[in-house]
Amino acid sequence: MKTLIERKDAVNTWMERFGVKFGIYKHGVFHEQLFPFDSVPRVISHDEWTILEKGLIQRCNALNAFLLDIYNEKKIVKDGIIPEEFIYSSKGYFAECEGIKPSKGIFAHIAGIDLVQAKDGTWYILEDNLRIPSGASYPMIARNITRKVSPQTFANNHVAENRNYSDLLKETMDYVNDGRGINVILTPGRYNSAFFEHSYLAEKSGAILAFPGDLIVEDDMLFYKDISGNKERVGAVYRRVSDEYMDPLTFEESSVLGVPNIMQIYAKGNVAIVNGIGNGVADDKGIYYFVPKMIKYYLNEEPILKNAPTYLPYFEEDKKYVLENLSKLVIKDVSEAGGYGVVFGRDLDAEHLKEMYDLVDKEPRRWIAQEVIDFKDLEIIEDGKYVERKADLRAFVLTGKETKVWKSGLTRFSRNPNSFVVNSSQGGGFKDTWVMEE
Amino acid sequence: MNTKTISATKADKLFWLGRYAERTYLSLHFLRAYYDKMIDGEENAYHEYCSHLSLDESFNTPSNFVKSFLYDKQNPFSISAELECANDNAMELREEITSETLAYIQISLARISNLAQTNETNITALQPITDNLLSLWGSIEERVLNDYALAILMVGKILEHIDIRIRFDYPFDRVELLYERLKTHLRYVPYIYNIEVIEELDKLLTSKEYCHDVFYKNKLLSLVNSVVCTNN
Chain A
222 MKTLIERKDA
232 VNTWMERFGV
242 KFGIYKHGVF
252 HEQLFPFDSV
262 PRVISHDEWT
272 ILEKGLIQRC
282 NALNAFLLDI
292 YNEKKIVKDG
302 IIPEEFIYSS
312 KGYFAECEGI
322 KPSKGIFAHI
332 AGIDLVQAKD
342 GTWYILEDNL
352 RIPSGASYPM
362 IARNITRKVS
372 PQTFANNHVA
382 ENRNYSDLLK
392 ETMDYVNDGR
402 GINVILTPGR
412 YNSAFFEHSY
422 LAEKSGAILA
432 FPGDLIVEDD
442 MLFYKDISGN
452 KERVGAVYRR
462 VSDEYMDPLT
472 FEESSVLGVP
482 NIMQIYAKGN
492 VAIVNGIGNG
502 VADDKGIYYF
512 VPKMIKYYLN
522 EEPILKNAPT
532 YLPYFEEDKK
542 YVLENLSKLV
552 IKDVSEAGGY
562 GVVFGRDLDA
572 EHLKEMYDLV
582 DKEPRRWIAQ
592 EVIDFKDLEI
602 IEDGKYVERK
612 ADLRAFVLTG
622 KETKVWKSGL
632 TRFSRNPNSF
642 VVNSSQGGGF
652 KDTWVMEE
Chain B
44 MNTKTISATK
54 ADKLFWLGRY
64 AERTYLSLHF
74 LRAYYDKMID
84 GEENAYHEYC
94 SHLSLDESFN
104 TPSNFVKSFL
114 YDKQNPFSIS
124 AELECANDNA
134 MELREEITSE
144 TLAYIQISLA
154 RISNLAQTNE
164 TNITALQPIT
174 DNLLSLWGSI
184 EERVLNDYAL
194 AILMVGKILE
204 HIDIRIRFDY
214 PFDRVELLYE
224 RLKTHLRYVP
234 YIYNIEVIEE
244 LDKLLTSKEY
254 CHDVFYKNKL
264 LSLVNSVVCT
274 NN
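For the record, the sequence lines run as chains A and B.
Per my numbering, the very first residue in the first sequence carries number 222; after that it's consecutive.
Per my numbering, the very first residue in the second sequence carries number 44; after that it's consecutive.
No false leads were mixed into what you were given.
A partial selection of chain B residues facing chain A, derived with a Cβ cut-off under 8 Å:
1. T52
2. A54
3. A153
No more than 20 Å apart at the CA atoms, straight line, and that leaves these computed lysine to aspartate or glutamate pairs for EDC-like:
4. K541(A) / D579(A)
5. K540(A) / E306(A)
6. K242(A) / D131(B)
7. K452(A) / D190(B)
8. K116(B) / E127(B)
9. K514(A) / E538(A)
10. K226(B) / E242(B)
11. K110(B) / E86(B)
12. K242(A) / E143(B)
13. K242(A) / E127(B)
14. K549(A) / E537(A)
15. K116(B) / D99(B)
16. K583(A) / E557(A)
17. K47(B) / E453(A)
18. K275(A) / E659(A)
19. K229(A) / E609(A)
20. K369(A) / E143(B)
21. K116(B) / E253(A)
22. K275(A) / E658(A)
23. K583(A) / E572(A)
24. K47(B) / D395(A)
25. K549(A) / E592(A)
26. K540(A) / E592(A)
27. K340(A) / D595(A)
In case anyone wonders, no lab produced these hints; they're calculated from the structure.
Idealized CB from N, CA, C, for every residue including glycine.
Looking at chain A on its own, in the form it has when it is part of the complex (with noise of 0.2 Å):
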């Protein structure tokens, strides 16, 4: 470990070497720069993986089974688990999705879960991503790169491989394809943040990058256009593109990012599209309260890993609740992402404070208000010196014929000492998160 570590400026070149970049939008003008690599690994005990890995396993067929249900029986919501304004006054809801059965009976093919450890070791579920959760490129490049720079470290150190995640998509993709034809990924493009990690993956899993334009729908079938006029159909599409610009002729009509009319022929089956449309549903922050009630529901066993202690305004215990501790909570605004819309109630005056209180109140729905979690801070190495920030977890869970976790992760953490925020997009960096063999 100690020579990986004092080999942190080969790491970075190497990183600069392959182009391991991130853009970013500040005042509107687009920048690329390279995603702050911190080279002491997290890492994870084999006995503790045991139990993260079967919970996430749990928790991701719960969702799928929710994702399922909602867009078809609904039988949660008549069974009275889960309040039906929940369900439709969701951003992520999606009616156009009402009756699709997707290839396989699965929407969630690829779960982004992000998790924090407590100091007393406990693991909790921050949030589910869903729809196009992005990070898995980062540990598996920077694994690569960190064996070429110190090999001694990994043959000292029993880690379990994960420069094997483009095997499971392509995996995963392969079921839900059928045979039907090739896989493609559809980047919006260049300019889009995660770039990198569509060609990446792209690269290491076999699957074309498209971009818009190269995918055309005929004959209810999907397809991969030759600049020859060929065209080669296409039985999954990794799409990298939001759920409101897939398909100009069903949602966003402005969209170009999108392939007109591919909803209809996901919605007959002639396509899989990994992740499904409507995901956005089952990882709203509000139906985040539920998830454990989902477990219970449909699989009959209880939740093996802890949600955040969550309160949702919307029912009125909860509400007097928070509007009565507002300064030690933290409030989260359901319909942001990507630690917008994130707010710590101690970290606000007395005139703000006001305004939440009123805002939580005129609009209970909108909001989510969790305990502080007391993050077990991780080392990392700040102008040679080890200094302690926080850290959080995106494990990611590929559902195909089996529903198997990625023995890795992206482990993000904070670069500011006060900060509890650690996305990319807000100056955070990242570290390899080793699991044990062993």
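Following the hints, position chain B against chain A.
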């Protein structure tokens, strides 16, 4: 790759990656040659360089000329600008050309960016970029498994080279050699070129017709730059 399919978007990127990578390599070659002339006292040799590229010569000193053609991103003929253009295309082709191939452009960009910060005017400091570009083509031959993609890259590379040789008044046999090589690669990708342009070039690009007359050169350049059309 599980298919040999190339979309119009990708064909365009492959073609322009080939052109810009070769343009950067050749620009370095010519800058070195003209820099060498300046060492011997031909301080205004850059006028000749600019004249071949049909550019206005508005540099006060040879040093400003060198700086502009190395680092000024507003100057489309600078090494920095040409590398950026090569990178813009290469970035979108990672799965065709591989990360290892793309790396040669990335490290060249890092190199020029570091040199720009010190305003280094000794062109020999850019030798690693020339080496990287040669490695880029080696890597392309080694790692690009799609024959169509490889042919389009080579078409871009050779067309750029022909363009530059015509501009810099190379003798006919040096241009003809490349033109024959171009046609060999075009046969693999018949859907990206205009046959009528090739027929016209066949008539015009002969030892009898070939000369350094401006009108003739412009006609030839116009045709060379119309051979390929990837926006189908």
